Amino acid sequence: MKVANSRENMVEVHNLTKSYGGNAPAIRDISLTLKRGEFVVLLGPSGVGKSTLLRTLNFLVRPSSGTVVVDGQDLGKMSGGQLLEARQRIGMIFQEFNLVNRMSVLTNVLCGRLGSLGFWRALTYSFPREDQERAVRALERAGLDDPEMYMRRADMLSGGQRQRVAIARALVQEPKLILADEPIASLDVIMREQIMDLMAGIVKRDGITVVMSLHQLDAARKYADRIIALSAGVITFDGPPADLSAEVVARIFRKKVEAGAADDDGTAVKMADGNG
Amino acid sequence: MASAAALERTLGFVMARRQETRRQVLVIGVVLLGLAIWAGRGSEFNIQKLIEGLPKFWELLGRMMPPDLPVLKSLMKPLLETLQMALLGTTIPIPVALLLACLAAVNVSPHPVVSAVARILIASLRTVPELVWAMILVTAVGLGPFPGVLALTLHTLGGLGKFYYEAIEASSPGLIEAMQATGASRFKVIWFGVLPNVLPVMMSSTLFYWEYNNRASTVLGLVGAGGIGLALTHAMSDFRYQEAVTCLILIVLILAVIDRLSAWLRSRII
Chain A
1437 MKVANSRENM
1447 VEVHNLTKSY
1457 GGNAPAIRDI
1467 SLTLKRGEFV
1477 VLLGPSGVGK
1487 STLLRTLNFL
1497 VRPSSGTVVV
1507 DGQDLGKMSG
1517 GQLLEARQRI
1527 GMIFQEFNLV
1537 NRMSVLTNVL
1547 CGRLGSLGFW
1557 RALTYSFPRE
1567 DQERAVRALE
1577 RAGLDDPEMY
1587 MRRADMLSGG
1597 QRQRVAIARA
1607 LVQEPKLILA
1617 DEPIASLDVI
1627 MREQIMDLMA
1637 GIVKRDGITV
1647 VMSLHQLDAA
1657 RKYADRIIAL
1667 SAGVITFDGP
1677 PADLSAEVVA
1687 RIFRKKVEAG
1697 AADDDGTAVK
1707 MADGNG
Chain B
670 MASAAALERT
680 LGFVMARRQE
690 TRRQVLVIGV
700 VLLGLAIWAG
710 RGSEFNIQKL
720 IEGLPKFWEL
730 LGRMMPPDLP
740 VLKSLMKPLL
750 ETLQMALLGT
760 TIPIPVALLL
770 ACLAAVNVSP
780 HPVVSAVARI
790 LIASLRTVPE
800 LVWAMILVTA
810 VGLGPFPGVL
820 ALTLHTLGGL
830 GKFYYEAIEA
840 SSPGLIEAMQ
850 ATGASRFKVI
860 WFGVLPNVLP
870 VMMSSTLFYW
880 EYNNRASTVL
890 GLVGAGGIGL
900 ALTHAMSDFR
910 YQEAVTCLIL
920 IVLILAVIDR
930 LSAWLRSRII
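The listed protein sequences derive, respectively, from chains A and B. Under my numbering, the first residue of the first sequence carries the number 1437, and numbering increases by one thereafter. Under my numbering, the first residue of the second sequence carries the number 670, and numbering increases by one thereafter.
To be clear, the hints were calculated from the coordinates, so they are not data collected in a lab. As the structure is a prediction and not an experimental result, all values here were calculated from the model. Hints may contain errors.
What the hints assert, rightly or not - Chain A side only, calculated, beta carbon under 8 Å to chain B, not exhaustive:
id, residue
1, M1528
2, N1537
3, M1587
4, K1640
5, D1642
Unchecked claim - Computed beta-carbon distance windows for the label pairs:
id, chain 1, residue 1, chain 2, residue 2, range
6, B, L756, A, T1453, 55 to 63 Å
7, A, E1584, B, L868, 38 to 46 Å
8, A, D1624, B, N776, 49 to 57 Å
9, B, V801, A, D1624, 21 to 29 Å
10, A, M1587, B, N776, 25 to 33 Å
11, A, G1643, B, F856, 18 to 26 Å
12, B, L756, A, E1569, 51 to 59 Å
13, B, L768, A, M1514, 53 to 61 Å
14, A, G1458, B, L704, 37 to 45 Å
Heads up, the beta-carbon is just placed ideally off N, CA and C, and yes, glycines get one too.
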């Protein structure tokens, strides 16, 4: 019965719960369906389970219970090898970029091809020509078209450029889905907009589904097709940005108000917005 | 004034803390002194004996002079043997230690049990000094440099294994996550996500063990495991003191050269 739905749905999550050790679950009994080509933002202050939910979608975090179906395949029923194959179609980018600083920009991007690279080629760090072509194209798509830069060490680049390299690494996987974990939190305001524009373009032009965790309300409103707000591990809002009333926003960030002891909800939202 | 009272309070607090620190230092000093006296009794430490022994020492030194220079030529082969032992005893462990370290490091190990077993293996290899390994191995495979190489290999494996897995454990969890997200296997995650960043630390600790093994391999001759140490032992036991001092000078010179070489390599690599 799910197979028919899977054609148009990119992600189906059923009754997903994850608890770490004996603590209260980070996410609790979450069910949702994401369509292909959607730009979905998981919104909420930190500590509400956004990162955990995101990481269950490629099984970097194994859920305690519930199922995750990506592109029609149930991740929980896969063997180790099948899971690695499934991950090749799911790119991921991170708040701290997570590039290998001592490797060149190009080699960092080539890491996106590791899933399909043979053992001996991996051992000797030699990627086939097609992969190098893909890497260059991905770098250009991510807005880095100066070949001079490609052989530079990753830590020589600025923050915005490094996130572009990380996006290229995800793109070179030729993914159907990209998971983005607070990708603009470590960037300055101008860089934030550029990276968000790039991600929006990846959804619109390349038809890749993007699920992004964010705590910046403005960015979520401006770019998301659909906003899913989390609070204490459960979904408290799910809908288009237009439906996100001031009242709902206040509810989403209420925790933040109490924690920060701010005067009113407006301040709290700004705080959540500005925090890097 | 309130501020004066506050100052008084702060001062009282600070002085009480200082007093406390002094008391602690005093206690530690007394304990250390007691330990030293206890250790001196146990090890028959005796300054008088040392003073009485000095003339014999001078006499021996006199018999060592002048160094036997013509013997230098025949010492070249054992000297080279020592260096070769150190070289092999450092290079053989590198790949094996890397493999063991990947099994031992908790962040990349396939299973906690594997990690625990690998750590115990690494620790026991390191705990047994190379001299003891050499004594055991000389009995097993006979006299000569070969048991020496094996002894250095085993001890170095324990040392490098620990350095390597500590470096791996200190590497960024974000990178491992990023590599896993590409669908890379465990080996590829380590090879691309961990190795490049821990390489400088690994090279530095490997160089350290190369230096260490050059010193250790000169001593291994004492138990019959070849090299310049064996020549030194023979010379001493045959009362050929002038030859023995030549060996000593040669050892000091070569170790100084190797320390310099190692420092230069280190500055080039890192």
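Open item on the list: A closest beta-carbon separation below 8 Å is what the hint needs, so does N1537 of chain A meet it against chain B?
Closed with: Because about 7 Å separates N1537 of chain A from the closest Cβ in chain B, which is inside the 8 Å limit, the hint holds.
- [ ] For the range 25 to 33 Å, tell me whether the beta carbons of M1587 of chain A and N776 of chain B fit it or not.
- [x] holds, 30 Å
Task: Beta-carbon spacing of G1643 of chain A to F856 of chain B - inside the hinted bounds 18 to 26 Å or not - done: At roughly 33 Å between Cβ atoms, F856 of chain B and G1643 of chain A fall outside 18 to 26 Å, so the hint is violated.
Task: Range agreement (Cβ of E1569 of chain A with Cβ of L756 of chain B, hint 51 to 59 Å) - done: Cβ of L756 of chain B to Cβ of E1569 of chain A: about 43 Å, so the range 51 to 59 Å is violated.
Task: When the least beta-carbon distance from K1640 of chain A to chain B is tested against 8 Å, hint result - done: Where the cut-off is 8 Å and the nearest Cβ of chain B is about 23 Å from K1640 of chain A, the hint is violated.
- [ ] State, for the Cβ atoms of L768 of chain B and M1514 of chain A, whether the hinted interval 53 to 61 Å holds or is violated.
- [x] Since L768 of chain B and M1514 of chain A have Cβ atoms about 28 Å apart, the given range 53 to 61 Å is violated.
Open item on the list: D1642 of chain A was flagged as interface toward chain B. Is the shortest Cβ-Cβ separation under 8 Å?
Closed with: The hint is violated - D1642 of chain A has no Cβ within 8 Å of chain B, the shortest such distance being about 18 Å.
Task: Minimum beta-carbon distance criterion (8 Å), M1528 of chain A to chain B - done: holds, 4 Å
Task: Beta-carbon spacing of E1584 of chain A to L868 of chain B - inside the hinted bounds 38 to 46 Å or not - done: violated, 25 Å
TODO: Verify the interface restraint on M1587 of chain A: the C-beta must sit less than 8 Å from at least one C-beta of chain B.
DONE: violated, 15 Å
Open item on the list: If I claimed the Cβ atoms of G1458 of chain A and L704 of chain B lie 37 to 45 Å apart, would that claim hold in this structure?
Closed with: holds, 44 Å
Task: Pairwise beta carbon distance, L756 of chain B to T1453 of chain A, judged against the given window 55 to 63 Å - done: About 57 Å separates the Cβ atoms of L756 of chain B and T1453 of chain A, which means 55 to 63 Å holds.
Violated hints, in rising order: 3, 4, 5, 7, 8, 9, 11, 12, 13; the structure is consistent with all others.
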